[in-house]
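As you go down the protein sequences, you meet chains Y and B in turn. Just so we're aligned: the first sequence equals residues 1 to 328 in our numbering. Just so we're aligned: the second sequence equals residues 1 to 349 in our numbering.
Among the hints, a few may not be true.
[Stated by the list, open to error] Below are the DSS-like pairs computed for lysine-lysine, each with C-alpha atoms no more than 30 Å apart in a straight line:
no.	chain 1	residue 1	chain 2	residue 2
1	B	K218	B	K189
2	Y	K273	B	K218
3	B	K84	B	K218
4	Y	K273	B	K189
What the hints contain is simulated information worked out from the structure, not anything from laboratory work.
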Amino acid sequence: MSASPNPIVEVSDLTVDFATGGGTVHAVCGVDLSLQPGETLALLGESGSGKSVTLRALMRLHPKSAKIGGAVRVDGRDVLAMSPAELAAYRGRTVSMIFQDPGLAFDPVYRVGQQITEAVMRHEGCARATARQRGLELFERVRIPSPERRLDNFPHEMSGGMRQRAMIALALACRPKVLLADEPTTALDATVQIQVLLLLRELQRDFGLAIVFVTHDIGVAVEIADRIAVMYAGRIVESGTCTAVIRRAAHPYTRGLLASRAETAMDKTGRLKTIPGSTPDLAAPPPGCAFGPRCESFGERCAAGIPPNVSVGPGHEARCVRLLPGAA
Amino acid sequence: MNGEAGSLPVDPRDRGGLGTPFLDVRGLVKHFGGKGGLLRQRTGVVRAVDGIDFAVGQGETLGIVGESGCGKSTTARLVMQIIKPDRGEILLNGEAVGSGDLDLGAFRRQVQMVFQDSYASLNPRLTVEDTVAFGPRVHGVSAKASIAAAHDLLDRVGLEPRRFAGRYPHEISGGQRQRVNIARALSLKPRLLILDEAVSALDKSVEAQVLNLLLDLKAEFGLTYIFITHDLNVVRFMSDRIMVMYLGKIAEVGPADPIFEAPGHPYTAALLSSIPSMDPDNRTAEAPLTGDPPNPIDPPSGCRFHPRCRFAASLCGEAEPASFGVGGGQFAACHLVNPASGHPRLAAA
Chain Y
1 MSASPNPIVE VSDLTVDFAT GGGTVHAVCG VDLSLQPGET LALLGESGSG
51 KSVTLRALMR LHPKSAKIGG AVRVDGRDVL AMSPAELAAY RGRTVSMIFQ
101 DPGLAFDPVY RVGQQITEAV MRHEGCARAT ARQRGLELFE RVRIPSPERR
151 LDNFPHEMSG GMRQRAMIAL ALACRPKVLL ADEPTTALDA TVQIQVLLLL
201 RELQRDFGLA IVFVTHDIGV AVEIADRIAV MYAGRIVESG TCTAVIRRAA
251 HPYTRGLLAS RAETAMDKTG RLKTIPGSTP DLAAPPPGCA FGPRCESFGE
301 RCAAGIPPNV SVGPGHEARC VRLLPGAA
Chain B
1 MNGEAGSLPV DPRDRGGLGT PFLDVRGLVK HFGGKGGLLR QRTGVVRAVD
51 GIDFAVGQGE TLGIVGESGC GKSTTARLVM QIIKPDRGEI LLNGEAVGSG
101 DLDLGAFRRQ VQMVFQDSYA SLNPRLTVED TVAFGPRVHG VSAKASIAAA
151 HDLLDRVGLE PRRFAGRYPH EISGGQRQRV NIARALSLKP RLLILDEAVS
201 ALDKSVEAQV LNLLLDLKAE FGLTYIFITH DLNVVRFMSD RIMVMYLGKI
251 AEVGPADPIF EAPGHPYTAA LLSSIPSMDP DNRTAEAPLT GDPPNPIDPP
301 SGCRFHPRCR FAASLCGEAE PASFGVGGGQ FAACHLVNPA SGHPRLAAA
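The task is simple: from the sequences and hints, build the whole structure.
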């Protein structure tokens, strides 16, 4: 990642291991990220690529059994060294998160407004009336119709799209600097998804938020992100500006993903181009490049070691030995 | 086959004669609730499917799209006879399902379904081969023959029987499980396969593999598909014709490419422009629709889309538009496509 003066998020050599019955799963193995204030980064990948695990590490949401290595600095502070009290103050205040299923993120037995008010009072120590006023402003901001009445709704009384807006309001209640989004639009209809993406773009611009947006959908990444980082088997295999990654994809995996999209991908026989095989078992990854066994240009050197990050353009890097100078 | 030279092979199950649609759905209605509900509260009637007619030709793929609550999955379940319609009839080859002509057993051997959740639709205690052999066993095939047929099918869907036959559902990946579901659906040699969000839960690289498999199987077994999805790119790729549903009604139906290139219904147009752009320099600037899909309890009067439609006139809230042909087999239920409707925009043009 490009070195910049004052990144708000800086992750270097992040590793996350989970001990399971079937051996240690290396969910994230050496991720470097850096994010400027007001920037949106999309972490793009399939299930098991480590994108959500990386996101959760930024907030230390993993169970105690998870072993986290490397360094995570957010807003100048070392997240991995925080005490429980420091973490409680950090979560929600500096960094907050929105999830795929807002139904699970809200407590079903409290009114939505109460939950927002509670968060504001907890972090800012203000009066209930002030906190509720903040909740109302936020509901207006995320364009929930009749916001005053909706604050008194229970989560189940809202539709999916509205609950997602309410969750965004909750996440922004304490004016965080970084918003972590874990597939927040995946469960929504296309017509509502585009509304939520546009809303996030607008809020980001107005609040100067930095956003890390996890998704499996390239189209969504293109709509929301300034930069895209493509993850595969616990590593970032390619990163760059949205335009560079979409138009000049360098890694065979990114190229394969782009080529297998149904709207672009028909060859002469009317079939989709596909990436053969499936994602590797993270408890026993293949040697060298984890994408090797599925790659059409797989060679001896690919299995020899983890491919280095090769620069292929300004701020555009990919992990593939084929891209090394002198490689054919 | 001992048909005459030059004639098409005739399937003995084809009894409707030429010109009869393979599947013909007429006036289908399904309402839920309205009689009490949880804690005996008064609940509204959910008009899940509210009077739809459509036909699917032999060997065709009909894609059904729409937002959640539009009735697309209810339609699938009605066609599959998992739930009973309140009104309307379903004809396969011109024979009404459930009548003396075509009893439910005979119908179900010809129509099978694949669901979204590949894990929930499999019995966790049956191995892959037992799962695929189960249907034929129930229908009287011997154990040996059904297992042999199961191995053959597993091979066709890309699961090597030697590696996969003895495994349980939890031992294989989501894409592999969906292949098992497809093999099971094919085990009774059906003619119509209903795929309800069958690839939606799969990763993109695996989804493409399964879509290709579905195309191959369709050609190999001469299948007809009803393909239900919320993914508009996938539906265009898979379908010959597309049916767009909105709040229990058909908004538009027609051949896939014309619908995508020149949608006749404003709802179809809005749905299509909600697809993320894939062009970093030309992102979507404005959401084509505001708000969530409305509730099928108490749907709006007249055209059900009128409260969200930017062309709505007073007429649209009063009169329900009939399906009107715009040419090339494309039909839209919108006053704007019918020159005789009296919509003010038509007079202005």
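Right, here's what the structure says about each hint:
1. B:K218 with B:K189: With a Cα-Cα distance of about 12 Å, the restraint between K218 (chain B) and K189 (chain B) holds, given a limit of 30 Å.
2. Y:K273 with B:K218: holds, 18 Å
3. B:K84 with B:K218: Answer holds: K84 (chain B) to K218 (chain B) is near 28 Å, not above 30 Å.
4. Y:K273 with B:K189: This hinted pair holds, its Cα atoms lying about 28 Å apart.
Violated hints for the displayed structure: none, as all numbered hints are satisfied.
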